[in-house]
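Order-wise, the sequence lines are chains A and B.
So my numbering is basically just the index in the first sequence, starting at one, shifted up by 616.
So my numbering is basically just the index in the second sequence, starting at one, shifted up by 67.
Heads up, a few of these hints could be off.
Stated by the list, open to error - Once the Cα atoms are required to be at most 25 Å apart in a straight line, the calculated DSS-like pairs of lysine-lysine come out as:
hint, chain 1, residue 1, chain 2, residue 2
1, A, 674, A, 688
2, B, 184, B, 435
3, A, 861, B, 184
4, A, 688, A, 861
5, A, 770, B, 184
6, A, 785, A, 770
Calculated from the structure, these hints are not laboratory results.
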Amino acid sequence: MKVSEKQNESIGRTFGRVLAVLPLVVFGLGACGNSAPNNDPFVGPLTIYTSRTDALFKPVIEAFNRKYPAIKVDVLSGDNGPLIAKIREEGLNPRADVYVNTDILTMLASTSLFQPNPSAVVAAFPAEYRAADGSWLALTLRPRVLMYNTNLVKPEELPKSIFELSDPKWRGQVASTNSASGALMANLVVLRKLYGDARVSALIKGMVANQTQWTGSSHTAVRNAVGRGEAKLGWVNHYYYHLSKAEGQPVGLHYLDEADGLIVNTANAGIIKGASNTVRARVFIDFLAGPEGQAIFAERNFEYPISPGVALAAGVTPLGERAFAAVKLIELAEQLEPTRALAQAAGLP
Amino acid sequence: MKRTFGGIAIGLAGLSLVPLLYIFVRALGADGAIWSRLWLAQLPSMLVTTTLLVAWTVFVALLLGVGLAWLVERTDLPGRAVWRWVLVLPLAIPGYVGAACWISLLGRGGFADAAIKSIGIEYAPPDLYSIPFAGLVIGMLVFPNIYLPVAAVLRSMNRSLDDAARMAGLSAWQTAWRITLPWLAPAAGSGALLVAMYVLSDFGTVGMLRLFTFTSAIYTQFSGSADRAGAAILSVLLLGLTMPLLASESLLANTGKNMRASNTWRPAARVALGGRRWLALFAISIIALASLGVPVLVFGAGVFGQWLRPTAADQLYGYGDTLAQWGLNSLLLAGTSAAFATALSLAPAWLTARTPGRFARVIALACKSPFALPGLLIGLSFVFVFATPGINLLYGTVSAVVIAFVVRLVPQAVSSSEGALRAVPASAESAARVMGLSEWRVLRRVTLPIAAPGLLATWTLVFVTAMKELPTALLLRPPGFDTLAVRVWSAARDSVYSQAAAPALLMIVLTAIPLSLIYGRGARER
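Could you build all of it, start to finish, from the sequences and the hints given here?
This is the structure:
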C-alpha cells in the first residue's frame with residue numbers, strides 16, 4: 617500500500633487535531649455520568665450495582681421495564697466486596713442508586729452507606745428481614761446445600777456432613793466457590809459458630825489437599841461443573857440445583873444433615889446515600905419487595921420469597937419442612953473478616 | 068518545541084508512575100497480619116503454580132516460534148508469503164478466548180464429548196483445568212512474540228557466516244546448532260521474556276482454567292473483600308517478578324545486531340527439505356489450524372448452533388440485540404485510547420529521537436514502566452487513584468477507563484512511535500528549517516507526514532492490544548458499559564461457554580482485520 621504525500625499530510629493534520637481535542641473528549645465522556653437529577657418517579661435513569669449474576673438479574677429488570685418502560689436502567693454487576701468498596705469510595709458523589717446484594721454479612725458491615733426508606737411495602741416485611749428505618753431489606757432466602765451429578769453418585773454415597781468433603785474419597789470430585797464468594801464465607805461464619813475454629817480450619821485444609829475445584833466467586837461455574845460431570849459434588853445455594861435441573865442436567869439436591877440444621881443466607885437491597893435518583897430507586901425497591909418482584913425471584917430463580925403469600929416454584933421444597941440452624945447470620949456480621957482471615961490462613965484460595 | 072514536548076512527556080511519565088506509587092502506598096500501609104497470612108498460607112503454592120506455568124508456556128512458545136521462523140525463512144517450505152502473514156494472526160486472539168474455545172471443544176459437555184458419547188464410547192476426557200493444558204493454549208497464541216523477532220534476525224543474517232562454518236568442516240546441523248542458534252538467542256530471549264510477562268499478567272485464562280497464579284490470587288483478594296490491602300500486597304509481590312523481567316528484556320533488546328548494513332551482505336541459503344517439505348507443510352498447517360482455525364470454527368459453530376436450537380442456558384443468558392452494542396463499546400474504547408496513546412507517545416518518542424540524552428532516556432523509561440504492570444494492576448491502581456476524594460468525579464465513567472487504557476498502551480506506543488520518527492531523515496527537517504519554516508510547521512509539514520504510515524501502524528498495534536484488554540475494563544467500566552472482552556470473560560467464568568461464542572468471534576474478526584492490514588502489508592513488501 618503506497619500512501620500518497622497528500623494523504624500523509626492529512627494524516628499528520630489529523631494527529632494534530634486529536635491532540636487538541638483530547639482534553640475535550642475526556643471531559644465530555646466524564647460529563648456523561650453527571651446528568652441533572654430529576655424527581656419524576658416513572659421517567660428517567662436508574663443505576664443499579666448488583667452482585668447477582670447478570671443472567672439471573674436480567675428477568676427482574678425486564679419485568680420492571682414492562683411495568684415502567686420510561687425508567688432507563690443501567691446495571692453494573694460484580695462481586696459483593698468490590699461493589700461495597702466502590703460505593704464507599706464514590707462517597708458523596710455516588711454513581712449508583714440501588715445496591716442489590718447477595719450476602720447479608722457484607723450488607724450489614726456497611727449499613728452506613730444506605731439511606732432510610734419510608735416505603736410502606738418495606739415496612740410490611742417481617743422485622744427480622746429489614747432494617748428498622750428501611751435502609752436495607754432482605755429479598756429472598758437461599759439455604760446452602762450440596763448438589764450432585766446423578767450419573768456419577770448414588771444417593772446413599774452422599775456425605776452426611778459437610779466435614780466429609782475433606783475425605784480422600786472425594787479427591788478432585790468437589791467443586792466450590794472460594795474466598796471471593798460471600799455465600800461461602802457466610803457459610804463458614806456459621807460453621808465456625810457451631811463447631812469452632814479448629815474444625816473449620818481442618819475442613820478447609822482437607823478440601824485444599826483434596827484438590828477441590830475452586831471456581832472463584834462463580835456458583836454458576838460450580839453447577840455447570842456438576843451438571844457436566846467435571847465434579848461429582850458442588851457446594852452451592854439451593855437454587856443453582858433447580859436452575860441446572862430446569863436445563864435438563866443430571867443433578868440431584870442434597871440437604872446436609874448437620875445436627876443444628878440448615879444455613880440460610882439472604883439476598884438484599886438498599887438505596888445508596890446521596891443517590892441522585894432516590895425517587896425512582898424507591899419505585900424499584902417497592903417493585904422488588906412487592907408481589908411481582910417476589911414472584912419473579914421465586915419462579916424464575918427458584919428462591920424463597922420473603923413476602924408471605926407468594927407461591928414457590930414447582931419442585932421447591934417449602935423451608936418449613938427443614939430445621940434451620942439455631943444461629944442468626946444477622947448477629948454475626950462482625951465475624952466476616954475474622955472468618956476470611958481464618959479461611960485464607962488455612963489455604964483457601 | 069522541546070519545552071512543550073518535554074512538558075507533555077513529563078506529564079505522561081507522571082501519569083504512568085502514579086499508579087505504581089498508589090499500589091506501594093496501599094500495600095505498605097496494610098496490616099502486617101494480612102502480609103503474614105498471605106505470605107505463609109498462599110504464597111508457596113501460588114509461586115509453584117505460577118513458575119511452572121511460565122516455564123512450560125515459554126518452552127511451548129519457543130519451540131513454535133523458533134521452529135516456525137526457521138521453516139519459513141530458511142527452508143523451501145511451500146507458501147512462505149502466506150505463512151508470514153498467517154503466523155502473526157494468533158496475536159488477535161487473547162488467551163482467555165483460546166481457553167474458552169478449547170473447553171467448549173474438548174471439555175465435558177463440549178462438542179467432542181457430545182460426539183463421542185453419541186456413538187456410545189466411554190472415555191476419560193483430558194484434564195483441561197491444568198498447567199499443561201493452560202501452557203499449550205497460551206503458547207499456541209503468543210508464539211508470534213518470538214516468531215517475529217527471530218524471523219527478522221534470520222532474514223538479516225549474512226550468508227558468509229554459514230559459508231565460513233561449512234568451510235571449517237561443520238555439517239549443516241552443526242552449523243545450525245553452533246552458529247545460527249546462538250545468533251538467534253538475543254531475539255528469541257527477548258521474545259521469550261515477552262511471553263513470560265504475558266503469562267505473569269494473564270488473568271482471564273488462569274481464572275477460567277481455575278489455576279491459582281499470582282494474578283488470579285490478586286483478583287480473588289480484590290473480589291472477596293471490601294478491603295483492598297490483600298490485593299495491593301500481592302501486587303507488590305508480583306512486581307518483584309515482573310520488574311527484573313522488564314529490565315532483562317531491555318538489556319537483551321540492545322544486543323541485537325543488524326548484519327544487513329554490511330556491504331557484503333547476501334541472504335542465507337535455504338535448506339532444501341526435499342520430500343520432507345510436505346511433512347513440514349502438514350505440521351505448520353496443523354499449528355495454524357489449532358491456533359487460528361479451531362477458535363473461528365468452534366465459535367462459529369457455537370453461534371450457529373444457538374441460532375438453530377437455543378438451549379435453556381442460552382435462553383437464560385441470551386444476549387439478543389446487545390452484541391452490537393458491546394462491539395461498539397469495544398471499538399469506541401480501543402479506538403479512542405489507541406488514538407490518545409499514539410498522539411501522546413509522540414512527545415517522549417520525539418525527545419528520544421531528536422534530543423537524545425539523559426533527560427530523554429529517563430522520561431522514556433518512566434513512560435515505558437507500566438509495561439511491567441499487568442493490566443489487572445493498572446486497573447487496580449486506578450481504582451485506588453479514582454477512589455481519592457477530589458479525583459473521584461471520574462470514578463465509574465468511560466473517561467476513567469480511557470485514562471487507564473492509555474497508561475496501559477503508552478509503553479507499546481512509545482516504542483513503536485520512536486521507530487516511526489527515526490525513519491524521518493533529519494536532513495529533511497533541517498532543509499525545511501533552512502527554508503524558514505518554524506519548528507512547529509516543520510513538525511506538521513515534514514515530520515508528521517513522513518512518519519504518518521509508521522504512526523498509523525503504531526495506532527493499529529495498540530488498538531489490537533486494547534481490543535483484547537480485559538482486567539482494566541472489568542475493574543473500571545461504568546454501569547451498562549460492557550466490552551466484548553468483559554462479556555467473553557463473564558460467560559466463560561460461569562462456564563456458559565455457548566454464550567462466550569458470539570462476542571469472542573466478533574472480537575477475533577474486529578482484531579484480526581487491522582492486524583493483518585499492518586503485517587500483511589509488511590509481508591508483501593519483503
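| message | Next pair to validate is residue 184 of chain B with residue 435 of chain B; report whether the Cα-Cα distance is within 25 Å. | response | Distance ~51 Å between residue 184 of chain B and residue 435 of chain B Cα, so the pair is violated.
| query | Do the alpha carbons of residue 674 of chain A and residue 688 of chain A lie within 25 Å of each other, as the hint requires? | reply | 14 Å, holds
| Does the alpha-carbon distance linking residue 785 of chain A and residue 770 of chain A stay inside the 25 Å limit? | Given that 25 Å is the threshold and the Cα spacing comes to 14 Å, the pair holds.
| Keeping to a limit of 25 Å between CA atoms, is the pair of residue 861 of chain A and residue 184 of chain B held or broken? | Holds. Residue 861 of chain A to residue 184 of chain B sits at ~20 Å (cutoff 25 Å).
| Are residue 688 of chain A and residue 861 of chain A close enough, with their CA atoms no more than 25 Å apart? | Not OK: residue 688 of chain A and residue 861 of chain A at ~33 Å, beyond 25 Å, violated.
| query | Between residue 770 of chain A and residue 184 of chain B, is the straight-line Cα distance small enough, at 25 Å or below? | reply | 21 Å, holds
Checked against the numbered hints above, the structure violates hints 2 and 4; every other hint is satisfied.
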